[in-house]
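There are 2 protein chains.
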Amino acid sequence: MNETIKLQLNHRSIRKFKQQKIAPEIINTLVDVAQHTSTSSFTQAYSILSITDETIKQQIATIGNQEYIATAGHLFVFLADQHRNAKIAQEAGQEISVLSSFDRFFVAATDALLAAQNVLLAAESLGLGGVFLGSILNDAHALIDILKLPEYVVPVLGLAIGYPDQQPQLKPRLPQKFMHFENTYPQDPASLTEQLAAYDETVQEYYDLRDANRRIDKFTTQITKGMQRKHPGRMKLLAAYQKQKFIGY
Amino acid sequence: MNETIKLQLNHRSIRKFKQQKIAPEIINTLVDVAQHTSTSSFTQAYSILSITDETIKQQIATIGNQEYIATAGHLFVFLADQHRNAKIAQEAGQEISVLSSFDRFFVAATDALLAAQNVLLAAESLGLGGVFLGSILNDAHALIDILKLPEYVVPVLGLAIGYPDQQPQLKPRLPQKFMHFENTYPQDPASLTEQLAAYDETVQEYYDLRDANRRIDKFTTQITKGMQRKHPGRMKLLAAYQKQKFIGY
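Chains U and E, in that order, are what the protein sequence lines are. To convert a position in the first sequence, counted from 1, into my numbering, add 379. To convert a position in the second sequence, counted from 1, into my numbering, add 379.
Check the hints yourself; a few may be wrong.
For identical chains, the list gives no copy identity; a pair is met inside one copy or between any two copies.
[To be verified] Below 25 Å or equal to it, Euclidean Cα-Cα: the simulated DSS-like pairs (lysine-lysine) are:
#  : residue 1 : residue 2
1  : Lys-615   : Lys-556
2  : Lys-609   : Lys-556
3  : Lys-622   : Lys-597
4  : Lys-527   : Lys-397
5  : Lys-615   : Lys-395
6  : Lys-615   : Lys-397
7  : Lys-604   : Lys-466
8  : Lys-550   : Lys-395
9  : Lys-395   : Lys-556
10 : Lys-556   : Lys-400
11 : Lys-397   : Lys-597
12 : Lys-609   : Lys-466
If you are wondering where the hints come from, they were derived from the structure by calculation, not from laboratory data.
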C-alpha cells in the first residue's frame, strides 16, 4: 500500500465542481504526465484538446447531454491521432494506406486511452476530481466537425476535471472471481444471475448522488436495461470513424 | 508534484526482469486497482487473465515475437468483455444485438485499457516494472483460441510485469505544442519535418537498451518506416474481433 494505490482504490467520478479554474501550470503538468505514458512502438499516435471556448464547451455538453461538462474547471478531449504521423510519412514520400487498417486505429486509440487514465489519476493526486465522458461520442460526426478534426483523427474520450463539490460513495465493484481468471476464460455457470445475487444487493445499497432519492437498480437489472438502449448517434460511431479514414479494413 | 506524478513522469518500459515471482497478494492488489478504475455506465465490460501456464506463456511470447514475455514475473491479458453482460441479459430474456455495434465494443475496450494503465502504475509504485504488449495482437485469431475466449470477448492489450533487471533511459517525447491544442485541431505547418528537426536530434541521442550499440533512427524516420510495415496478422485484427461478434456495425 502506498499513496498511489490508495488514490487508485479511492477513485470516484466527480460530476459537480466548484467554480474555480485550474491553474495553467497544473494543466501543463497533466499534459506532461500524458506524454510520459506508454505509447505503441513510440508512435505517440494521440493528441489532446483543451476546450476553453465557452461555445464549444456548451456544444459538447449538449452532445453529451450532461450540463456539468460545461461547468467543469477544465475539459479535455483525447484524440486517436495518426494525422501527424501521416503527414511526416507523406513529406518523406511514403504512402500511408496502412493507416486505414483497424490495427492502426486501435493502437492510436490505445495510446490516447492509457494517457487519459494517467491524466485523471494525476489530477486526483492534486486534489482535483473528474469524470470520463464517453458521452461525447453520442454524436461523433458533429464533434469531429466542431473540433475541426482532419483525416486520421477521431475523439475517443472526454475528461472533465475540477475542484470537487461533492463526495460520492465508493461504487461497489464485481467480486474479483467474476472478472479475473487464470490462463483461459472459464465456462459459464448455470445461472450467472443467481451467483450475482449478493452483489446485486450490495449495489442496491449504493446511493447515486445523481438521484439520491431512490435506490438504484440491481447490477443485473442495469445491465439488462442497458441492452435495450440503442442510442441512434452511438450506432453511427463506426461510420464517423470511417469518415475520418479509419477502420477501412 | 507528488509521489504519483513523480512516478508517472519517470515511466520507462521494462523488458528485462529478475527471476523473481510476484507475491499473490500483490497480484490481488493490482486487480483490485483495476476494478476501481472508471467504467463506462458501470457496465464493467472487461476482464483480466493472469497467464501462469508455461505453455501458454510461451505461445503468447511466440505470437508477440518477444521472448521476454515468457520470462516476466507475471503476465496479464486485458480483455474487452461483453460476454458476462450478454449472459446476464439473456438470462433475463433480453435480446443483445446491440453488442455487435462498434460502440459497445469500444466502451468495453476503453474499460479494459483504462484499467490496464492503472495496473501498470500501481505495479511501478511497488517497485515493479513492466511493458505493455500490443504485440499479443499479432495473431489475435490464435490468441482467442489459446485463451478460449467466448463471443463478445477479445484481447486488447498484454502487460508483462516483474522486478526490473535494467534501467533504460527516459525516452524523449514530442514537444507539447505538437500534441496539445486548444479548442480545435490546428492547421498543418508547411513542413512538419522541418519543425521536428530539433526533436529528431534529441531522439537520436537516446540509446535503446534493446540495441545499445547503435544510435536509433530520427523520430520522423521511425514513423515513415512504420508506414511500410503491414504485419499480415495485424491486418486481420478486425476480422478476429468480428469473429467474436464485435464490430458488426
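Hints and how they fare:
no. : hint                : result
1   : Lys-615 <-> Lys-556 : neither (35 Å within a copy, 32 Å between copies)
2   : Lys-609 <-> Lys-556 : neither (30 Å within a copy, 38 Å between copies)
3   : Lys-622 <-> Lys-597 : neither (39 Å within a copy, 31 Å between copies)
4   : Lys-527 <-> Lys-397 : neither (30 Å within a copy, 48 Å between copies)
5   : Lys-615 <-> Lys-395 : neither (30 Å within a copy, 43 Å between copies)
6   : Lys-615 <-> Lys-397 : neither (35 Å within a copy, 48 Å between copies)
7   : Lys-604 <-> Lys-466 : between (44 Å within a copy, 13 Å between copies)
8   : Lys-550 <-> Lys-395 : within (17 Å within a copy, 37 Å between copies)
9   : Lys-395 <-> Lys-556 : neither (33 Å within a copy, 30 Å between copies)
10  : Lys-556 <-> Lys-400 : between (42 Å within a copy, 22 Å between copies)
11  : Lys-397 <-> Lys-597 : neither (31 Å within a copy, 45 Å between copies)
12  : Lys-609 <-> Lys-466 : between (36 Å within a copy, 18 Å between copies)
Checked against the numbered hints above, the structure breaks hints 1, 2, 3, 4, 5, 6, 9, 11 and satisfies the rest.
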